[in-house]
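*Asks:* Protein chains in written order, with this note's numbering: chain A, 1 to 259; chain B, 1 to 296; chain C, 1 to 64.
Bear in mind the hints are in silico, worked out from the structure with no lab data behind them.
Idealized CB from N, CA, C, for every residue including glycine.
Check the hints yourself; a few may be wrong.
[Said to hold, decoys possible] Derived coverage of chain A by chain C (criterion: at least 3 residues anywhere in the stretch with Cβ under 8 Å from a Cβ of chain C; other residues may be distant):
1) 11 to 24
2) 212 to 224
3) 246 to 252
[Stated by the list, open to error] Straight line, CA to CA, 27 Å or less: simulated DSSO-like cross-link-like pairs of lysine-lysine:
4) B/K104 x C/K62
5) B/K125 x C/K30
6) B/K81 x A/K179
7) C/K30 x B/K124
8) C/K38 x B/K296
9) B/K125 x C/K38
10) B/K81 x A/K252
11) C/K62 x A/K179
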Amino acid sequence: MSGMQVLIQKEWLESMRNGKWIWLPIAFAILAMSQPLTMYYMPQLLEIAGGLPEGAVIDIPAPSGEEVLSGVLSQYTFLGTLLFVLAAMNVIVHERNNGSIIFISVRPVSALSYILSKWISLLVLYLISFMISFVIAWYYTNILFSMVSAAKLFGSIGIYSIWLCFLVALVLSVSTFLKSNSSIAGVSIGILAILALASELAPVYMKWSPTQLQSQAVQALQQTIISDLWLPITVTVLVTIFLLCLAIWRMKQWDYSGH
Amino acid sequence: MLISIQQLTKVYQSHTAVKGVTFEVQKGSCTALLGPNGAGKTTILNMLAGLLEPSSGVIKFSEENGTNVTGSIGFLPQQPKLFDWMTAEEFLKMCGRLSGLPQKGLLQKIREVLGFVGLENVRKKRIAGFSGGMKQRLGLAQAILHEPALLILDEPVSALDPTGRREFLELIQQMTEKMTVIFSTHILHDAEQICDEVLILQAGELKWDGNLQQLKKSNDQQTIRVKTKEKLPAIFSESESFTVEYVNQQEVIIQSKQQINENDILQRFMEQGITVQYFNADPVTLEEAYLEVLAK
Amino acid sequence: MLQEINWSLLMPIIVLQVILMSFALWNCFKEEAVSGPKWMWVFIIIVINIIGPILYFIAGRKNK
């Protein structure tokens with residue numbers, strides 16, 4: 001296990017040096033801020049863009065704080081997920097394709113240590129980026145709209161964090177099978193899109209789906225009791241463990257000779 | 001004996017890269033894996049390093065004092081791609097820790113190894129700015145840092161310029177005093193400089209296994225080459241003890257498994273009044289012996 | 001119209017955008033292995049707000 005610690009330090013150093021620890025949190029902070037701000041300035045924006053007839057009164061009911069934060073979460077569902085997938089797609093393949101992974105593989109390091117080091121490092125970066133940005137959005141929401149209780153906020157963060165565990169495991173697992181960045185991103189997003197679409201079309205049959213956690217993180221903001229919460233959480237945790245095992249199994253089949 | 005390899009075979013979908021190779025590596029020896037490009041050298045070394053699973057066959061490491069050699073291998077791949085964004089010291093620190101070296105005393109050890117390969121003054125510099133030769137030296141440093149019992153080097157000098165080549169070979173030679181070394185090359189001269197044992201490989205098959213002196217002797221045919229000014233008359237009869245091959249009208253090659261008296265041959269030309277412009281009776285060179293083995 | 005806008009609310013987001021852009025530009029100038037011409041990336045980073053720098057960090061560098 002000391003090997004895993006060394007590898008996590010390596011991942012940390014790498015993402016500091018290539019700037020991932022700077023640009024990803026900033027990108028999320030901007031994404032989170034822009035939602036409450038655009039909603040707050042919506043009347044002015046409409047006025048500038050629309051050129052409404054003289055004397056027309058815009059009367060949009062001010063949304064509640066819960067609604068604004070839900071809007072932030074739905075931004076994450078699309079743009080956030082896209083960023084998370086794109087920022088994770090090359091963490092394994094670039095080492096594998098250029099051959100630098102050999103210096104690790106030739107040493108007594110288990111596939112378990114390698115995969116877990118990647119998973120933990122990415123997850124920590126993602127959780128921190130997500131949490132900071134969501135708290136910023138919460139701060140703005142409280143100033144501009146109505147107060148949302150911290151309990152609701154953290155409930156929502158908790159549920160969303162489990163979804164992130166799954167998301168990172170999925171991308172890592174896919175990237176042990178494929179060798180190009182674009183195909184890894186494509187397949188990962190494809191799988192997520194199918195799950196989301198299925199939940200949309202046949203919600204009754206998809207109550208177990210990990211994508212369900214995204215909508216439940218929204219529900220957690222609006223009500224205290226969330227329906228059917230434990231089923232998707234249990235399934236997501238199990239699927240995450242399965243995906244990590246799959247990645248470890250697959251890594252053991254790797255051929256390092258370039259054939 | 002350190003390693004014994006039996007009937008080692010690697011089959012890929014389209015072709016067989018290594019065909020039933022059997023050999024042994026003695027403890028403390030230096031072995032060169034020699035052969036043209038595509039002979040299967042890299043495949044064999046990758047299997048030895050544990051990076052590649054053999055299709056069949058056995059690689060057996062001797063287990064001395066209960067310590068398995070598999071965990072004590074130093075490997076330098078062909079044209080290594082290092083982690084560019086690290087400094088030399090950070091890279092070696094990671095390698096050392098992953099090899100199980102204790103944190104205590106590691107930095108001291110890294111300094112020593114960097115001093116040995118001549119990179120001490122760039123230890124805090126990023127690898128991205130290193131030249132090819134420096135990267136190769138750092139590659140060697142990571143392979144010997146944990147003092148492995150077996151050092152495996154895949155084409156360690158083929159990408160270096162002549163000076164870098166000589167210096168690197170000297171480093172390897174110094175390592176042979178401390179550990180067992182096996183390295184691959186397609187250049188005979190490299191092997192000749194530092195190794196006692198050679199394995200000659202072609203198209204996945206082992207063509208020769210032995211030391212260099214034996215290789216020289218294996219080709220015991222004596223050859224004399226003569227070029228003359230005049231056209232050659234028939235000075236040799238059918239019943240000579242050697243074979244005669246006319247290259248052209250003014251050049252002849254004489255070969256025999258038995259000892260030929262060089263003076264005797266030269267005398268014959270003189271008696272005929274022929275002007276000899278070139279006469280070569282040098283013993284077989286290693287290069288010729290090597291080509292002979294490949295041609296078999 | 002402009003007076004109605006509370007600049008203390010918008011300032012943080014503008015500052016972050018400037019940081020993101022400057023960091024991308026600095027990284028791009030320093031980077032040796034940029035995929036495609038460097039001036040193109042400088043152009044993208046400056047012209048396309050937010051997305052430009054992110055695009056550079058994801059796709060602009062080789063082996064990173």
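*Asks:* Decide, hint by hint, whether the structure agrees.
*Replies:* Do the hints match the structure? See the list:
Coverage of the region 11 to 24 of chain A by chain C holds [criterion: at least 3 residues with CB-CB distance below 8 Å; count 5]. Counting residues of the region 212 to 224 of chain A whose beta-carbon sits less than 8 Å from any beta-carbon of chain C gives 0, not enough to reach three: the coverage restraint is violated. Here the region 246 to 252 of chain A counts 0 residues with a CB under 8 Å from a CB of chain C, which misses the bar of 3, and the coverage is violated. Proximity of B/K104 to C/K62 is assessed by CA-CA distance (about 36 Å); at most 27 Å being required, the pair is judged violated.
With a C-alpha separation of about 15 Å, the suggested pair B/K125 and C/K30 falls inside the 27 Å cut-off, and the hint holds. Taking the CA atoms of B/K81 and A/K179, the gap is about 17 Å. The hint holds against a cut of 27 Å. At roughly 18 Å between alpha-carbon atoms, C/K30 and B/K124 fall within 27 Å of each other, so this suggested pair holds. For a cut-off of 27 Å, the pair hint linking C/K38 to B/K296 is broken: about 55 Å separates their Cα positions.
Taking the CA atoms of B/K125 and C/K38, the gap is about 25 Å. The hint holds against a cut of 27 Å. With a C-alpha separation of about 21 Å, the suggested pairing of B/K81 with A/K252 holds against the 27 Å cut-off. With a CA separation close to 15 Å, the supplied pair C/K62 and A/K179 stays within the 27 Å bound.
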